[in-house]
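Read top to bottom, the protein sequences are chains P and E. Note that my numbering numbers the first sequence so that position 175 is 175, with each residue one more than the last. Note that my numbering numbers the second sequence so that position 80 is 80, with each residue one more than the last.
Honestly, the hints are just simulated from the structure, not real lab data. If you're wondering where the values come from, they're calculated on a predicted model, not measured in any experiment. Check the hints yourself; a few may be wrong.
Unchecked claim - From the structure, some residues in chain E lie toward chain P, with a derived Cβ separation under 10 Å:
id	residue
1	K5
2	L11
3	G13
4	K122
5	A125
6	V284
7	G287
The beta carbon of each residue, even a glycine, is placed where N, CA and C say it ideally should be.
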Amino acid sequence: MKNGGGVEDSVVVSTDKLVRTFRVGRSELVALKDVSLEFHRGEFAGLVGPSGSGKTTLLNIIGTLDTPTSGTATVLGERVEKLSPGQAAALRSRQIGFIFQTFNLLPVYSAYENVEFPLLLLGLSSAERRKKVTDALEWVGLADRAKSKPTQLSGGESQRVAIARAVVKRPELVLADEPTANLDAENSHKILQTMVGLNRDLGTTFIFSTHDEKVIRYLRRKISLVDGKVANDEARSPNTD
Amino acid sequence: MTILKLAIRNLRGAGIRTWLNAVALSFAFVAIIFGQGMLQGMNKQVEDASTAFEFGGGQYWQNSYDPYDPLTLEDAHAPLPPVLDSLATAGKAAPILVVAGSMYPQGRLKPVLLKGISPVQKVIALPTAALGDTTEELPLLIGSRTAASTGLALGDQVTVQWRDADGAFDARDGRVVEIMHTSVGTVDIGQVWVPFATLQKLAGMEGEATIVTVAKGMRNTPVVEGWNFRTPGYLLSDLRQVVQAKSVGQTVMFSVLFLLAMLAIFDTQVLSVFRRRREIGMLVALGMTRARVIVLFTLEGALHSVLAVMLGTLYAGPLFIYLNRNGFTIPGMDTFGYALGDKLYPAYTAGLILGTTVLVFVVTTFVSWLPTRRIAKLNPTDALAGRGT
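With the rest of the complex left out, here is chain P (with noise of 0.2 Å):
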């Protein structure tokens, strides 16, 4: 299902009536039921819910790491359950950016060497690599650790490392999840801070999976998840003092 014209167009993630059941032992556990969302360009939304609620699994099957296992979910006019493992990579590759609560940043590289590899994925030139990867590590902050390694680098800084790898081939779409659960709050702070900025000036679609209060106050959409549906979804104004 490929976008249309108008408002379509600026839908960039929508969902209906998403199922993902996983096997427990011999009981099915009901991760999402029936969801049914959609998500424009530009936004600055939050899955928020206690644990358990499917937050992650929702942002997997939106990441393209996960199919449904029913109902359909279009990202990026993409439809996420038919798409082969290569057209999911490449979507993942083009369109999509991850941001984690671990970080996961690749421990042999080093910042530059991290926030480059979505670019040499892509096939970028040399010149090209260089001035993206620059450009990211200026808007989080980091320029100047360009050259550290991930165990030198404090929390926020791996976090900011993450953030900058994720938007650096600017995506349409960044997914993050639980991004503040390993920092402090001036760090955190900071986090949002960066992301905010990034949302604004390159009109980057954030989805946040959390339940840590910091970063509901920087939401402009909360839908609340509880055992797998969605129990609210509201605009609201964000409260960044």
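With chain P held as given, fit chain E onto it using these hints.
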């Protein structure tokens, strides 16, 4: 190309682990080339010496001649056919008459083979020119091993006995005019070389021969009735079998060494896939397919072999070149039973080096790939959470 860059970067990042594996693998790589080079050198040396001193470009054997059956020797002589005679006249063949006999150094009986050969022949490398000494009635050419076992020295006189064509015993005193040094024991031990014409006359076998050795490189050897042509390959087959038997033992040893190196690579890969689950998940999240991740991990493993070859070349290359040029002495080399000479010159051929390199690369790649198959079954969401495998 990207995958290769990433694999190199990962290997570089793995630091000491990479080098430990590469060093272990390089030992196996160098040991295989060293050992095989030694065997090839041995083979070449033995074949070259045997060709130069004994077999030339092949031999015609009189029909009854069987070197493994001394009893056939009595009948193993026949008039030299014109075609072989003309080859000998042209310097392209050396007829040899073989007669069973004995000699009596210091009064003790020593069974020998008397071999008559032309003093002017140049077909084989024996120093037969010394037999052209016309002042001696029966000049004798012996090898250093025979000299040592009989106590004979240059200029010594010794009684030589043989049976002539009619079966009658006859004897003469001969004088040692030359003691030759050759690595080819089969032209030395128990052999006494005398002038061809003299032996023909003494044995009553005028115009006859037992063997005709043709010059090396001679093609289109004619078919001669009553004589069997034995090619160099046929004549060298015994020696080749000896070398081959030695190579089997060595192959077992190298296989064990290689297996240990492969085990190290396999272990590293298993550990790598386990330890790097999150990384695998992240690579998939960043846009790599699991197939590409498998290629990346396999390539990382396979590149150990490239490093091993580079390392091996660095530390073993100069040694191999030195040994190839200067050879080395193995204690008791003379007792190996075949023509090795004083020094062994290993032969490190391009085929051997390329073949070993390809073998090491292919096996390392395969061993590296085996553990990475788990990645295909790994769910990226589990991998990202550090679960799975």
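Structure-based check of each hint:
For K5 of chain E, the interface hint holds, since its Cβ comes within 10 Å of a Cβ in chain P; the closest pair sits about 7 Å apart. The closest approach between the C-beta of L11 of chain E and any C-beta of chain P is roughly 9 Å, which is under the 10 Å cut-off, so the hint is satisfied. For G13 of chain E, the suggested interface contact is upheld, since its CB lies about 2 Å from the closest CB of chain P, less than 10 Å. Because the beta carbon of K122 of chain E sits about 67 Å from the nearest beta carbon in chain P, more than 10 Å, this interface hint is broken.
For A125 of chain E, the suggested interface contact is broken, since its CB lies about 62 Å from the closest CB of chain P, more than 10 Å. Interface hint at V284 of chain E: satisfied, since its Cβ lies 7 Å from the closest Cβ of chain P, which is below the 10 Å cut-off. Restraint check, G287 of chain E versus chain P: the minimum CB separation of about 2 Å is within 10 Å; hint holds.
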